[in-house]
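Enquirer: The chain contents come next:
Number of protein chains: 2
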Amino acid sequence: MTQRLIGAIEAGGTKFVLAVARESGEVIAETRLATRTPAECFPEVIAFFRQVIADHGPIAGFGVASFGPIDIDPASPRYGTFTTTPKPGWAGARFQDILGEFQAPVIVDTDVNGAALGEWLQGAGQGCHTLAYTTVGTGIGTGVVRAGRPLMGFSHYETGHVQPPHDRSVDPFPGGCPFHGDCLEGLAAGPAITARWGQSLSELGSPPEKVDLIAGYIAHLAASLVLLHMPDRLIFGGGVMKTPGLIEAVRRATEARLGGYIQAPQLDPGLEHYIVTPGLGDLAGITGAIELGRKAAN
Amino acid sequence: MTQRLIGAIEAGGTKFVLAVARESGEVIAETRLATRTPAECFPEVIAFFRQVIADHGPIAGFGVASFGPIDIDPASPRYGTFTTTPKPGWAGARFQDILGEFQAPVIVDTDVNGAALGEWLQGAGQGCHTLAYTTVGTGIGTGVVRAGRPLMGFSHYETGHVQPPHDRSVDPFPGGCPFHGDCLEGLAAGPAITARWGQSLSELGSPPEKVDLIAGYIAHLAASLVLLHMPDRLIFGGGVMKTPGLIEAVRRATEARLGGYIQAPQLDPGLEHYIVTPGLGDLAGITGAIELGRKAAN
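Line by line, the protein sequences give chains A and B.
Using our numbering, you'd call the opening residue of the first sequence number 1 and step up by one each time.
Using our numbering, you'd call the opening residue of the second sequence number 1 and step up by one each time.
Any given hint could be a false lead.
Any copy, or any two copies together, can satisfy a pair, since identical chains are not distinguished.
[Said to hold, decoys possible] List time: in silico SDA-like cross-link candidates among lysine to any residue, alpha-carbon distance up to 25 angstroms:
#1 Lys15 <-> Arg36
#2 Lys210 <-> Ala29
#3 Lys295 <-> Thr2
#4 Lys87 <-> Pro265
#5 Lys87 <-> Thr37
#6 Lys242 <-> Thr14
#7 Lys210 <-> Pro86
#8 Lys295 <-> Asp55
#9 Lys295 <-> Thr138
#10 Lys87 <-> Arg149
#11 Lys87 <-> Gly260
#12 Lys87 <-> Gln263
#13 Lys242 <-> Pro74
#14 Lys87 <-> Gly259
#15 Lys87 <-> Ala264
#16 Lys210 <-> Ala195
#17 Lys87 <-> Tyr261
#18 Lys295 <-> Ser200
#19 Lys210 <-> Glu101
#20 Lys87 <-> Ser206
#21 Lys295 <-> Met152
Honestly, the hints are just simulated from the structure, not real lab data.
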């Protein structure tokens, strides 16, 4: 029997990845395009899927893992719609509108929920019942998957805006978040690092005292995720996490912050198996989007 | 048709509430006893349920909402067992052992998860899809219910140990948590308040500047719950929350901390409908325990 086809979109702030896979996960067509306005991107998205359908037959379900903020509540009338994003043209854009002509069910979730799902299925989160995937890059966000389903409340989580302790006598940088100043994203995302020191941590040569400062802020989120979600593992990806020595420093700072309070086999001494980098690298998002499409089809 | 009977235990640090209810929720027998060691309490628990069964017939399921730390993972071999509690005699005690003679299924969850479930069913959390119930008393803890089920990861949450920003030039108190010093519980639980000022906030006359200081710490948890769980409502109960003016101060501090970033109808201006006190008062826990027993029976 021929397997049905699944359509997938990983919509990132800088690029879109489009794929069509068989239900087994085998990718039969893939392309990338630069993120511009919806008026520029969406026709290319439609053209790609039209061509694959002409070549291979109909698509049974679509999965979208997208940047946000975006409404990911299937019960909402605005499901799949970008909400308050400052990205020009995106507020009000809706994935279902462009995918509607293919007459297949669509599931829309966030990029980090998609990556969490991908890592849980095929990456560093395999075997976990509860998994948290955090990206530290241009922004900071976390997806939490439990029993194979991304969690949410009335909206997707916004973990980048937690407020870590910030000692201005050590780090006088006021923080770069337009809403909160020195929230985590304002202190430790890529733009905050370059605003503070003029270069990325890697470009600066990854000096230990600077790496430790940023690691301390990220560890505040790591500890908060432990205390508020008790995940079986924490994955940290994104551009900033590629800084040499950073993940090790995050492990040390998180272990210090937890202070031995949580006793569990998951939290191994040194946290080497608890706080890890992604297993799929940059493929986590599209892998998760394909899984969302598979769920949509079933 | 006669309704089946449900057994319920709310196990608190100072008292136990025992109840037997019909499936409709109607309580037909109830008693209270002081929490001492398991060797002292457990025979009284058994005697109560034996008597009710002799009078009214068998119990179809038991629900337990207990202080912790306690293993609440139904898949764990130690399900229902107290883990690392410093309370004399309780580490290793297990509810299933004492309820075993009644040959009915048992569900064990935390006191705050039980209270969250009770408030969601019949109290201030009615109509919420995701609800967070936090107690601020001798300790600080939160239960999060989503779609009628308490959430957990590899263990129950431990929200009392998040670390709020702590400016020692304003509040020189070093914090009273034996693990973390100035975590939330170390700064804002009842014992931390009396250690700092010699009396409770209410005994001190609820001076606004002291109320605001404590509210700021609690608001750190409130904002973290929003960012990491996006609940439809936050309920704050427990002895400390009975301080006049405290809930209002928590609303103000939480709104300030969120900085207008989260736009949602749930977060009404002023947060009067978002951050609320319990609707069931001290009945939330036993109401939730009865619901856990109903789930166990079905």
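Enquirer: Decide, hint by hint, whether the structure agrees.
Expert: Results of checking the hints against the structure:
1. In this assembly of identical chains, Lys15 and Arg36 lie within 25 angstroms of each other by CA distance solely inside one copy; the values are 8 angstroms within and 62 angstroms between copies.
2. Taking the closest pair of Cα atoms, Lys210 and Ala29 never come within 25 angstroms of each other, the shortest separation being 43 angstroms inside a single copy and 63 angstroms across copies.
3. In this homomeric assembly, Lys295 and Thr2 come within 25 angstroms of each other (Cα to Cα) only inside a single copy, at 18 angstroms, whereas the closest approach across copies is 42 angstroms.
4. Proximity of Lys87 to Pro265 under the C-alpha cut-off of 25 angstroms is restricted to the inter-copy arrangement: shortest distance 23 angstroms between copies versus 43 angstroms within a copy.
5. In this assembly of identical chains, the alpha carbons of Lys87 and Thr37 lie at most 25 angstroms apart only when taken from the same copy (8 angstroms versus 60 angstroms across copies).
6. For the homomeric pair Lys242 and Thr14, the shortest alpha-carbon distance inside one copy (18 angstroms) is at most 25 angstroms, but the shortest distance between copies (50 angstroms) is not.
7. When the C-alpha separation of Lys210 and Pro86 is checked against a cutoff of 25 angstroms, the pair qualifies neither within a copy, at 30 angstroms, nor between copies, at 39 angstroms.
8. Taking the shortest Cα distances, Lys295 and Asp55 sit within 25 angstroms of each other inside one copy (23 angstroms), while across copies they are farther apart (51 angstroms).
9. Taking the shortest Cα distances, Lys295 and Thr138 never come within 25 angstroms of each other, neither inside one copy (29 angstroms) nor across copies (45 angstroms).
10. Within a single copy, Lys87 and Arg149 get their C-alpha atoms no closer than 28 angstroms, and across copies no closer than 37 angstroms, so neither meets the 25 angstroms cut-off.
11. In this assembly of identical chains, the alpha carbons of Lys87 and Gly260 lie at most 25 angstroms apart only when taken from different copies (18 angstroms versus 43 angstroms within one copy).
12. Proximity of Lys87 and Gln263 under a CA criterion of 25 angstroms is satisfied inter-copy only: 17 angstroms between copies versus 43 angstroms inside one chain copy.
13. For the identical chains of this complex, Lys242 and Pro74 are neighbours neither inside a copy (34 angstroms) nor across copies (38 angstroms), given an alpha-carbon limit of 25 angstroms.
14. Taking the shortest Cα distances, Lys87 and Gly259 sit within 25 angstroms of each other only across copies (20 angstroms), while inside one copy they are farther apart (41 angstroms).
15. When the C-alpha separation of Lys87 and Ala264 is checked against a cutoff of 25 angstroms, the pair qualifies only between copies, where the shortest distance is 19 angstroms, while the shortest distance within a copy is 42 angstroms.
16. Proximity of Lys210 to Ala195 under the C-alpha cut-off of 25 angstroms is restricted to the intra-copy arrangement: shortest distance 14 angstroms within a copy versus 37 angstroms between copies.
17. For a Cα distance limit of 25 angstroms, the shortest separation of Lys87 from Tyr261 across copies, 16 angstroms, qualifies, whereas the shortest one inside one copy, 42 angstroms, does not.
18. For the homomeric pair Lys295 and Ser200, neither the shortest alpha-carbon distance inside one copy (39 angstroms) nor that between copies (53 angstroms) is at most 25 angstroms.
19. Proximity of Lys210 and Glu101 under a CA criterion of 25 angstroms is satisfied in neither setting, with 51 angstroms inside one chain copy and 60 angstroms between copies.
20. In this homomeric assembly, Lys87 and Ser206 never come within 25 angstroms of each other (Cα to Cα): the closest approach is 31 angstroms inside a single copy and 46 angstroms across copies.
21. Taking the shortest Cα distances, Lys295 and Met152 sit within 25 angstroms of each other both inside one copy (17 angstroms) and across copies (24 angstroms).
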